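As a plain string of letters, each chain reads:
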Amino acid sequence: MSESQQPTANSYLDMELLRFTTAGSVDDGKSTLIGRLLFDSKSIFEDQLDQVKQTSERKGKSEVDLALLTDGLKDEREQGITIDVAYRYFATPKRKFIIADTPGHIQYTRNMVTGASTANVALILIDARKGVIEQTCRHSIIASLLKIPHVIICVNKMDLVDYDETVFSKIKTDYENFASKLDVQDVRFIPISALKGDSVVNRSENMPWFEGSTLLYTLENIHIGSDQNHIDCRFPVQTVIRPQTDKYHDYRGYAGRIAGGIFKPGDEVTILPSGFSSKIKSIDTFDGQVDEAFAPMSITMTLDDDIDISRGDMIVRTNNQPEPKQDIDVMLCWLNTKGPQPRMKYTIRHTTCEAKSMIKEIRYKLDVNTLHRNESDKNITANDICRVQLRTTRPLLVDSYRRNRNTGSIILVDEGTNETVAAGMII
Amino acid sequence: MKNYNLTHLKELEAESIFVLREVFAQFQNPAILFSGGKDSIVVTHLARKAFHPAKIPFPLVHIDTGHNFPETMKFRDDLVEELGARLVVGSVQKSIDEGKAAEEKGKNASRNVIQTVTLLDTIEENEFDACIGGARRDEEKARAKERFFSHRDEFGQWDPKNQRPELWNIFNGKHNFGEHFRVFPLSNWTEMDVWQYILAEQIQIPSLYFAHEREVIWRNNTWLPVSDFIQIDENEVVEKKNLRFRTLGDITITGGNESEADTLEKIVEEVAAARNTERGNRADDKRSETSMEDRKKEGYF
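Protein chains in written order, with the working numbering: chain A, 1 to 427; chain B, 1 to 301.
In case anyone wonders, no lab produced these hints; they're calculated from the structure. On a predicted model such as this, the values are computed, not experimentally measured, just so you know. C-beta atoms are modelled at their ideal positions from N, C-alpha and C, and glycine is treated no differently. Mixed in with the good hints, there may be bad ones.
Unchecked claim - Computed, partial: chain A to chain B, Cβ under 10 Å: (1) 84; (2) 89; (3) 180; (4) 184; (5) 245; (6) 287.
To be verified - Straight-line C-alpha distance at most 16 Å; calculated EDC-like pairs for lysine to aspartate or glutamate: (7) A:378 to A:367; (8) A:345 to A:327; (9) A:94 to B:233; (10) A:196 to A:159; (11) B:161 to A:419; (12) B:10 to A:14; (13) A:356 to A:414; (14) A:279 to A:308; (15) A:42 to B:270; (16) B:74 to B:64; (17) B:10 to A:16; (18) B:107 to B:233; (19) A:264 to A:304; (20) A:345 to A:414; (21) A:181 to A:134; (22) B:49 to A:287; (23) B:10 to A:306; (24) A:42 to B:269; (25) B:10 to A:292; (26) A:279 to A:267; (27) A:42 to B:191; (28) B:55 to A:246; (29) A:281 to A:250.
Work the whole structure out from these sequences, hints included.
Okay, structure coming up:
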C-alpha cells in the first residue's frame with residue numbers, strides 16, 4: 001500500500017465507520033489475514049512488531065508469527081488460541097474499520113454471536129483445499145441469525161490450489177446451494193491468498209480470471225448507508241435532563257440514542273407506554289439544535305407538552321408504532337454455563353427498558369452446523385441456540401429483529417449472579 | 001437521495017455519549033477517573049456534551065501520585081473550576097504514610113504500581129459504583145479484550161476470563177454492594193481518532209502535548225524529564241531539548257519525543273506518521289510482556 005492510501009488530516013473528517021466480524025479456527029488463515037490488513041494499512045507499529053519478533057524468536061519460530069499480533073491475554077498466548085472477542089482497528093482514507101476478531105470453534109459460539117451483534121459485514125474464510133465445511137456453515141448460520149447485512153466469503157489459500165478458477169467456482173456453487181436456506185441478502189465471493197497477499201489489498205496477478213474487487217476495496221466501498229433502519233421512528237429514552245438553573249429553569253429534555261427512523265421538529269409523536277401525544281419542539285445537542293435526527297445519533301428531545309416521561313419510555317411517530325407484547329417469541333443464544341432453570345425469573349433488558357421475565361416454553365434447539373431443529377432435546381447450556389417463548393411482567397415495545405436490530409434485541413440477566421446469561425433476537 | 005450516514009467521528013461520539021448516559025442511569029454514584037491526560041480530557045468533554053445543558057453529573061477523581069507535571073495540576077484545577085465539577089483527590093503519599101503501600105526503591109523507582117492501592121481505597125471510601133476511564137482498546141493487547149462495562153469484584157479485581165458478554169448496545173451494570181464497574185466510553189477510539197476529535201472540537205489540552213523546550217536526560221531509550229523525583233547518575237547528562245509528550249503519566253515514567261509540533265494540526269500530522277505506539281515511551285508498560293494485564297487484574301486503571 002502506498003503512502004497516499006493512509007488517512008490524512010483532511011480525508012479523516014469524511015470517513016465512515018464499518019464494523020466487521022471475522023470468525024475462524026487456528027489454521028484457516030484468519031490471523032494471517034487480519035495481520036495482513038493491519039500490516040498493509042500501516043496499523044502495526046514498529047515497537048509492536050519488535051515485540052512480536054522477540055516472542056517469535058523465543059518460541060523458536062523461524063518466521064515472524066503475525067498471528068501473535070492478534071493474541072491478547074496471557075492464557076491465549078500460552079495456549080496459542082483465541083478465547084475472547086478482541087477488537088482491532090485500522091483505517092484507510094475512506095473508512096475506519098473495527099474488527100471483532102472471534103474464535104471459530106463451536107464452544108465459542110457465544111463469542112461469535114457477541115462479535116456479530118454489532119457488525120455490518122461478516123468475513124467468512126474458507127480454505128480452498130477444504131471447501132465448504134461444518135465451520136463455514138456454522139459461521140454463516142450465525143451471521144444469518146444475527147442479521148449481519150453483508151457477507152464476504154474469502155476463499156483463502158488459493159496459492160495452494162494453483163490459483164485454479166474451477167476450485168473457486170465449485171466452492172462458490174457449493175456455498176450458494178447451502179446459503180439458499182439462509183436469510184442473507186448480500187453475499188460476495190473473493191478468491192485470496194492472505195499469506196501471499198493476492199486480492200487482499202492489491203489485485204492478484206495470479207488470478208487474471210477474477211474480475212471482482214479486492215477484499216480491501218470491497219470493505220471500503222460496500223454500501224452501509226441502509227444498514228440502519230431509517231423508516232420506523234423509535235426513540236428509547238435513556239434519561240431526563242433537567243438542569244434546574246436560572247437560564248434553563250423549565251428545561252426538560254429527553255436524552256437518548258435514535259434506534260430507528262428520522263425525527264424532525266414539528267413531528268407528531270406518541271409516548272409509549274402511556275399513549276400521550278405531543279409534538280417535537282426541538283432536537284438539541286451540545287453543538288446546537290439540529291433539524292433532523294436519525295440512528296445512531298445521540299440527541300436530546302424536547303416536546304411541546306409537559307408529559308411525565310422517564311427512562312424506559314419510547315417516543316415514536318404516532319402513525320407507526322411498535323407492538324406492546326408480553327408474550328415474546330425469541331431466538332435465544334445461551335451464554336452461561338448454567339442453563340435455564342424451570343420457572344426461574346430473569347431480568348430482561350430491551351433498549352433502555354427493564355422488566356422481569358420467565359422462559360415459558362423452549363420450542364426447539366437449533367443445530368448451528370445444519371440448521372436442524374431439535375424438538376426433543378431441550379437441555380440448554382452455554383453456546384446453545386434455541387427458540388423460546390418469554391413471558392414478561394409488563395409489555396415491551398418490540399419490533400422484530402429482522403426489522404430493527406436495536407428494538408428487536410434483548411438480553412437476560414440472572415438475578416442471583418447479575419451475569420448476562422442469554423441474548424435474544426425477537427421473531 | 002440524502003445520505004443518512006454519520007462520519008466515523010460523529011458515530012464514535014454518539015456511541016460514547018450513549019455509554020455515559022447509561023452510566024448515569026444505571027449507577028448510584030459514578031465518577032470520572034481524571035488523570036489530566038488527553039483521553040480523560042476527551043471523556044470529560046463528551047460527558048459535558050451528553051448532559052448539556054445540565055452540568056456534568058459526575059465528580060472528577062484524580063489519583064495523585066505526588067509525581068506530577070506541574071502543568072497537569074494547573075490544567076486540572078482550571079478545568080474543574082470551569083465545569084463547576086467536584087474534585088476528589090486520592091493521595092498516594094497518604095497511602096504510603098499510612099503503611100498501605102511501599103515506595104519502590106532504586107533508580108527506576110516509580111509510584112505507578114502502588115497507585116492501584118490508592119485508587120481502590122478512594123473508590124471504597126467514596127462508595128463509587130462506576131469509575132469512568134479513558135482507556136482505549138487500541139492502546140495495549142490486554143485492553144483489546146476489555147468491555148465497555150467492565151466488572152470489578154469486591155477486591156477491585158478484573159477477571160479477564162470471566163467477563164460478561166456485551167451484545168448490541170445493551171449494557172449490564174448490575175452489581176452487588178461493594179463491587180464496582182470500570183466504564184470505558186472511548187473503547188472504540190484510536191489514538192488518531194482522539195487527536196482528530198481534539199482538533200475538530202478545539203478541546204483545550206495541557207501545554208505538555210505541544211513541542212516545548214525542556215531539561216531532560218536520555219534513559220531507557222527515551223528523553224526523561226528532569227524533576228525532583230528522579231535520581232540522576234553521574235554519567236547521565238542533562239540536556240535541553242525541544243520535545244513534546246505523546247501521553248502523560250507520572251513525570252518519573254513519561255518520556256518525551258523530540259518534536260517541532262507546536263499546533264494541533266502539526267501534532268495530527270506527526271501522529272499520522274508515527275512508527276511507534278504512543279505507549280512505547282512509557283516505562284510502566286515495559287516491565288514485562290504482560291505488565292498491563294497483570295496490573296489491570298489487580299485493579300489498575
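Do the hints match the structure? See the list:
no.	hint	verdict
1	84	holds, 5 Å
2	89	holds, 5 Å
3	180	violated, 28 Å
4	184	violated, 19 Å
5	245	holds, 8 Å
6	287	holds, 8 Å
7	A:378 to A:367	holds, 12 Å
8	A:345 to A:327	holds, 14 Å
9	A:94 to B:233	violated, 50 Å
10	A:196 to A:159	holds, 8 Å
11	B:161 to A:419	holds, 14 Å
12	B:10 to A:14	holds, 10 Å
13	A:356 to A:414	holds, 10 Å
14	A:279 to A:308	holds, 14 Å
15	A:42 to B:270	holds, 14 Å
16	B:74 to B:64	holds, 13 Å
17	B:10 to A:16	holds, 9 Å
18	B:107 to B:233	holds, 8 Å
19	A:264 to A:304	holds, 13 Å
20	A:345 to A:414	holds, 8 Å
21	A:181 to A:134	holds, 15 Å
22	B:49 to A:287	holds, 8 Å
23	B:10 to A:306	violated, 31 Å
24	A:42 to B:269	holds, 15 Å
25	B:10 to A:292	holds, 15 Å
26	A:279 to A:267	holds, 5 Å
27	A:42 to B:191	holds, 14 Å
28	B:55 to A:246	holds, 13 Å
29	A:281 to A:250	holds, 14 Å
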